[in-house]
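A.B. asks: The task is simple: from the sequences and hints, build the whole structure.
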Amino acid sequence: MNRVDVKLYNQTKDASVHRPNVEHLESGIHVTVEAYRCGMNIEYVDYNSAVRRDFEWTNSPEIQRTFRENMKRDSSIRSQFIGTSSGLTRLFPLQKWAIEPEPITIDLFDPRFRPWYISAISAPKDVLFLIDMSGSVKGQTVHLIRMTVLHILATLGPDDYINAIWFNSRRESLLRGCAEGFIPATTRNKKVNLLLNYSTKISRKWLSLQKVHKLIVY
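If you read the sequence shown in this note's numbering, its first letter stands for residue 76, the second for the next number, and so on.
Quick list of the computed label-pair ranges, beta carbon to beta carbon: (1) Leu219 x Gln170: 42 to 50 angstroms; (2) Phe188 x His99: 28 to 36 angstroms; (3) Trp172 x Ser244: 53 to 61 angstroms; (4) Leu219 x Leu183: 28 to 36 angstroms; (5) Ile174 x Arg148: 27 to 35 angstroms.
Since the hints were derived computationally from the structure, they do not count as laboratory data.
What you are looking at is a predicted structure, and each value in this text was computed from that prediction instead of being measured.
C-beta: ideal position from N, C-alpha, C; glycine also.
C.D. replies: Below, the structure is given as structure tokens:
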């Protein structure tokens, strides 16, 4: 049997159990691979200036003071960070950045692609898709419409609202029970309510065209 050494700590007296003094903590930065490469290239002077600008303002005494005050006010806070448009991230407190071994992957973290950053810089949107389902829409056009809808949906989050209407000689909402309003652009609503109904509508249209073709031929 292996011997296990157990060390007991006094949670009320042992300083190593408690968090370090907030006043002694410092912030650190993470720079994206893109920003680093541009900074090494004289052709990207404007981009390099943007990174330097974001480095300076996020390191201002006011920002550092706010970091510390937040941590003092709320003991549950373990880390804080600021993401900027240049790809620079400032973290408080300073900590070693954990990345996978190089043979596995490279550090691709970029705050500009994180959901919290996207939702913070863009106002909620109401998006209404008007989808042409007339007889002239077929083949590649159908594919292009679907891909366009997919790309737009990928940019929307739960704070955005969506609805879709298909039309030919008449019109009808693709979202059942939501003919007069919008629904949140959650993952479920985007996949189930909109895309599934749209795919079903396309399939029915294709079957109808096949029947018409058979009637004409025979």
